[in-house]
Structures are given as C-alpha cells and as structure tokens.
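Undergrad: Residues per chain, in single letters:
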Amino acid sequence: MDSVFPVDLLLLALVVVIGVATIRARNLLASTLLLGVYSLLMALVWTNMFAMDVAFTEAAVGAGISTVLLLGTLIVVGREERPSRGPHGAALLVTILTGAALLYGTTDMPAFGDPNAPVHTDAVGRKYIAQEVGKVHPVAHHHDDTHHDEAHHDGADHSADDHEPDTSAPAEHHGGSSEIHGDPAQDAHHGDYGTHVPNLVTAVLAAYRGYDTMFETAVIFTAGVCLIVLLRDRRSPPKETEAAA
Amino acid sequence: MRDQVVPRVIARMLIPYMLVYGFYVASHGELGPGGGFQAGVILAAALILHSLVHGLEETQRGVPRRWVDRTMAFGVLLYIGVGIHGLLAGNAFLDYSSLALGATDPESIHGAEAMGMTLVETGVTLTVAAVMVTLFDKFATAARR
Chain P
1 MDSVFPVDLL
11 LLALVVVIGV
21 ATIRARNLLA
31 STLLLGVYSL
41 LMALVWTNMF
51 AMDVAFTEAA
61 VGAGISTVLL
71 LGTLIVVGRE
81 ERPSRGPHGA
91 ALLVTILTGA
101 ALLYGTTDMP
111 AFGDPNAPVH
121 TDAVGRKYIA
131 QEVGKVHPVA
141 HHHDDTHHDE
151 AHHDGADHSA
161 DDHEPDTSAP
171 AEHHGGSSEI
181 HGDPAQDAHH
191 GDYGTHVPNL
201 VTAVLAAYRG
211 YDTMFETAVI
221 FTAGVCLIVL
231 LRDRRSPPKE
241 TEAAA
Chain C
1001 MRDQVVPRVI
1011 ARMLIPYMLV
1021 YGFYVASHGE
1031 LGPGGGFQAG
1041 VILAAALILH
1051 SLVHGLEETQ
1061 RGVPRRWVDR
1071 TMAFGVLLYI
1081 GVGIHGLLAG
1091 NAFLDYSSLA
1101 LGATDPESIH
1111 GAEAMGMTLV
1121 ETGVTLTVAA
1131 VMVTLFDKFA
1141 TAARR
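Taken in order, these protein sequences are the chains called P and C. The first sequence begins at 1 in my numbering and counts up by one. The second sequence begins at 1001 in my numbering and counts up by one.
In case anyone wonders, no lab produced these hints; they're calculated from the structure. One should not assume that every hint holds.
Claimed, not checked - Computed, partial: chain P to chain C, Cβ under 7 Å:
(1) V4
(2) F5
(3) P6
(4) V7
(5) L10
(6) I75
(7) L200
Said to hold, decoys possible - Some chain P residues near chain C, calculated using beta-carbon distances under 10 Å:
(8) D8
(9) Y104
(10) A203
(11) I220
Every residue, glycine too, gets a C-beta built ideally from N, C-alpha and C.
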C-alpha cells in the first residue's frame, strides 16, 4: 500500500466532514470560514497528488481571496441564515444527479499515475513532457545533448538496449537530472511547440493554449470593467475624505 | 481596525513579504509552481490586507483607483501586444520565438520563448491583481452605504 494513502484518506475524510459542516452551519460567518478550511484541505490533497499548481491556486484563490470576498458579502447581507423549511426536493434531485454524472464520468478516466494514460502516450503530450521535464537549463545543454546522444548511439549498438540515461548520466550529463531520451525536442523546430521551460503547466497555459489564456484574461478584464460600471459610486464626488472607516 | 495593535503590526510584517512573494511567483512562473493568476491573487491579497487594517482611503492614497483601472487594461494589452509583436515579425500570433529579435540560434530562441511566457504571465498578473483589488474595493464601498 502506498504510504501516502492513509494521509489522503484522513484528508478526504476531513474534507467530507468540513463540507457537511459548511452546509449545516446556520451562522454564515462560520460557513465562510469552514469553506476556507475546506479549500486548504483540498490544497493539501492536490499537493499529495503532485499537482502543485492546482494546490497553489486553491490555497491562494479558494482559501485566500474567496474567503475575503465572502466576508465582504456577509457585511452586506448579514450573518445569520434564514431558517429553512426542510430540504428542497428539486434541488436535492439535481445535486444527486449531477454528482452521479460526475462519478460516472470518472470511471472513464485513467487511474491516477497510470503510465498508459493518454497524456503520456499521445503524441503532443509526449513531445511536451520530453521538452520540459528535468531540464532546468534547457538553453545551456541543448546542443551538448544532441552531440552526446549521437556519439552514444554510434558506440552502444552492441550493448543490447540497456537504459541510456543510467549508463551515461552522472559523468557527462548535467548532474544526473532525469532526462527523457529520444527527445523529440531535438529535431529543432519540427514538431516543436516552442515551450522550453521546466514548468509543464505554465508551458501548456502560456504557449500551447496561449489563445485560451489570453481570452481568459480578457474575461477577467471584462468582469472587472462590469464591476466598475455596475457598482460605481453614483452620489459621492470623486474626492472623498469621509471619516468612516 | 486602525487602533488595534496586533492586526496592524502583523500586517506591517506580512505585507512586504506578500508583495515580494507575489512578484517572485510572477517572475518564476515558467520555472516553478505558480504563474500569472496566482501571483495576481497574492499581490491583490497584500493590498486587501492593507485596506482591511488601515482602511480603504489609506490604501487608495498609495494605489489610486484610476491607476488600478489602468493596470487592469494594461495587463490585457501587454498580453495581446506580445501576440501582435509575433504577427508584425512575420510569425504566427503569440509565437514567442519572434521575441529573439532576429537571432536564430537555439539559445536565443529558447530564451525568447521563456521571455514571451514571462511577459504574457506578467500581463495576466497585472489584470488579475487589479480586478481583485477592484472587486474588494467595490464590495467594501457597497457595504459601507
């Protein structure tokens, strides 16, 4: 059994408990703070899955900014929830159906860490990983690698197929960083996605899906503009020095 | 909260580090975890903490509203500007290798790619930070009425 498994189990159990507590709390302030705790726990779960960028975002946005904004909302709407009249049938049904659909969707996904997952076998994914992973200084070593590989191929034909990185790594390679061989990035710009940076997530977001990220930024900008237009101060003059704090 | 000592002292200790960390995340997005969005949120959180402790007016004396609004637009323009630079250089839109300014050796090209990503992420950082600050600003102003 994976040694991380008990930790994951504990965290996920806590997530469920906090989730239920968030819904059941009548005090909206308590609810908001529990949501923050929920996000922090989820960030830990993502960390256990080595999804650092997701964990980072969850901690910064979910536990940080969202909590502050929800607290800001609480100042406007008050702290106590109106007493409800039992569960809402239709809402419960929709929630259960959505949950069931999501769970059904996960059955089609590859197992966590599966080496045969599409992201590892798909041509684009493979090229991506080959371009980024373990290359802390891709610029400095790119040329050397090419030469080294060719030399190695010439000399090592007789020695069956032992793992190249293992035999040649420590001495000549750059500090034994795990490099994937048969590197598609080496055929210059043929099939090159122009993303020679170590963080795969940033590479995908900023280069492969650059348009996507651009329009996401535009969406955030539009939201900001709408905010200014909808919630601008109508009455107060621009120069406000009220004593209220 | 201005007359409470503990939040004020803690905020004074935290805010510089939050700002530095925000800039670090923004500039190292292509090397480690993080990127424009997270960096923007961290920077905004620093400013929001300041206005929580010292009041909105005090923050806006240092970071005026109109500059926040301009930053919001500038971030998007920076992103699109990098894309259009690629077009003007005769490459595809958002082709970062055109930032190598004519150099063709792989080192320059890869440097240009990292540079393009950093520029683009900086744009995202600025827009996200400005929008988050505006969001808090509007909420706080609405709550006060």
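Undergrad: Each hint should be assessed against the structure and marked as holding or not.
TA: Here is how each hint holds up against the structure:
A cut of 7 Å between beta carbons decides the hint on P:V4: the least distance to chain C is about 18 Å, and the hint is violated. Interface restraint check: P:F5 against chain C, minimum CB-CB distance 23 Å, threshold 7 Å, status violated. Checking P:P6 against chain C by beta carbon gives a least distance of about 25 Å; that is not within 7 Å, so the hint is violated. Evaluation of the P:V7 hint against chain C yields a violated restraint, the C-beta minimum of about 20 Å exceeding 7 Å.
Hint on P:L10 is violated. Least Cβ distance to chain C is approximately 23 Å, over the 7 Å limit. Taken as an interface hint, P:I75 checks out: its beta carbon lies about 4 Å from the nearest beta carbon of chain C, inside 7 Å. The closest approach between the C-beta of P:L200 and any C-beta of chain C is roughly 10 Å, which is over the 7 Å cut-off, so the hint fails. Against a cut-off of 10 Å between C-beta atoms, the interface hint on P:D8 is violated, since the closest Cβ of chain C lies about 20 Å away.
About 30 Å separates the beta-carbon of P:Y104 from the nearest beta-carbon of chain C, more than 10 Å, and the hint is not met. A distance limit of 10 Å between C-beta atoms decides the matter here; for P:A203 the minimum to chain C is near 7 Å, and the interface restraint holds. Taking 10 Å as the C-beta contact cut-off toward chain C, the hint placing P:I220 at the interface holds, the least distance being around 5 Å.
The structure does not agree with the numbered hints 1, 2, 3, 4, 5, 7, 8 and 9 stated previously, though it agrees with the rest.
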